[in-house]
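Each protein sequence line maps, in turn, to chains S and X. According to the numbering used here, the residues represented by the first sequence are 1 to 340, in order. According to the numbering used here, the residues represented by the second sequence are 1 to 108, in order.
Don't read these hints as lab results, they were simulated from the structure. In this text, all values refer to a predicted model and were calculated from it rather than measured experimentally. Any given hint could turn out to be false.
Dumping the calculated BS3-like pairs for lysine-lysine here, alpha-carbon to alpha-carbon at most 27 Å [stated by the list, open to error]: (1) Lys32/X x Lys261/S; (2) Lys32/X x Lys146/S; (3) Lys146/S x Lys215/S; (4) Lys108/S x Lys55/S; (5) Lys32/X x Lys274/S; (6) Lys333/S x Lys5/S; (7) Lys274/S x Lys30/X.
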Amino acid sequence: MANEKKLLMYKQSLESAWGYNDYNDWPIKYNSIMHLFLNNFTQEFLHDFIELKSKGVTNQDIAKAFYNPSRIYRIIHTVIYGMKNLKYSALEQKEMVIELLDLTALMKFGSVFNENGKNIILNPDNLESTLKRTFLKADDREKSVKLHRLLGILWAYTEAIFFRAHDVTKEIHGLYNIDDNSLLIREYMNLMPNKLWNLVDIGCNKIKIFTKYTKEIELNVDSYNHLFHHSGSLIDGLLEYRIEIDDNESSLEDLIDIMPKLSENIISINQWAKQADWKEKTKKYAEIYWFRKSPLRDLLGMPADLSEEVIGNIELGQVDESRVKNLTDKQIKYLIYSFI
Amino acid sequence: MKEIVSGMSVSPGLVSSTARVIYNMSDLEKVKYGDILVLPNSDPIYAIYVMRAAGTICENGGRLSHLCIVSLEMGIPCITNAKNARELIKDGENIMLDSSEGKVYRNG
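Pulled out of the complex, with its shape left as it was, chain S reads as follows (with noise of 0.2 Å):
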């Protein structure tokens, strides 16, 4: 695809995504406080990318780090806007955009722009032999409840540990056709990160569940990981499911055994966020940001803690009430078009 088709593909993307004016205030306006760590932010990650490159690290070794591709494909935005401030030149910053697009090619089988309403990450034509796995039978409607109710939890909990960079923790991808019917994946990752928050073990770090529904189901995944649905029950359609902790085949009821840890984990953290003044939460955010890049500074062996600069501008900066309001979607549309 064109360099050009590629660029005015990403920008519809973003217009699909923030079209629906999602309200990110929780745990605080992301907008009003990002100016206090975006242009280290971006910084950092540009030396550190190109100073993989001058190593001969490859974009397939960085694909491989990152490990799903939503983790890069939703942190694009935040490194132009930071390019943008750092008065980067429009083709720098396009050169970019092109350069992480083609990151996240790396790492699916399908398109990056999910064109079809698809994330198709493993190989359709192999996914039979693939997968090879047992799936149980939801032939019990009570089960798909519990189920369904444990994804919603599982959601909550990714939100709740790293706010709106949850795409560190998790990717959803799909649909894949199987017998005829249709096969969404979900995976769970860094569920427990010890460095950012003293949270209740949940005694795991990940989980996959795989869930074939009817084909009736009408599904899609765009290319934010923003998982949508259109007719049919997901309860009633779910044929047959496979759950997996830490890579082990385990049950509905391991499952289950989780969940208090993870609502007891989601109540903590809230509670935190009711007590925490804005430079903790700014903080914490950007806590969250540089564990999102950390794989770049995991390839090249140095910490990916913040620096002593980043903690000083939280702890000397303001909060920019001009940008705690919501935009319009007039805003956002000028926004997205304007700024690459």
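Use these hints to put chain X onto chain S, whose structure you have.
Chain X in isolation, oriented as in the chain S frame:
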């Protein structure tokens, strides 16, 4: 049936039940299994209570906000951006949520 409020469909479905209008955390303690929650889009802690719900009506927020995605993942019918829903729907009344059409009706 009289239409009370409408919004944007997030997770399709049709359900009738008691409305539970949520203004603060203590209201969440009143939620019974099978209630339809009427609430603002707020922090992730609400997800724990949505688990008990038969449906969710979010007064504000886009389709990608916390409670919408949680409801979708839980397979619970949900609409969002239902303006003034907490004023228009009475706590404890019997309502029907047709989330495929994005509409809420008063039963009876």
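Check your understanding: Tell me, which hint numbers fail for this structure?
Key -> Of the numbered hints, all hold.
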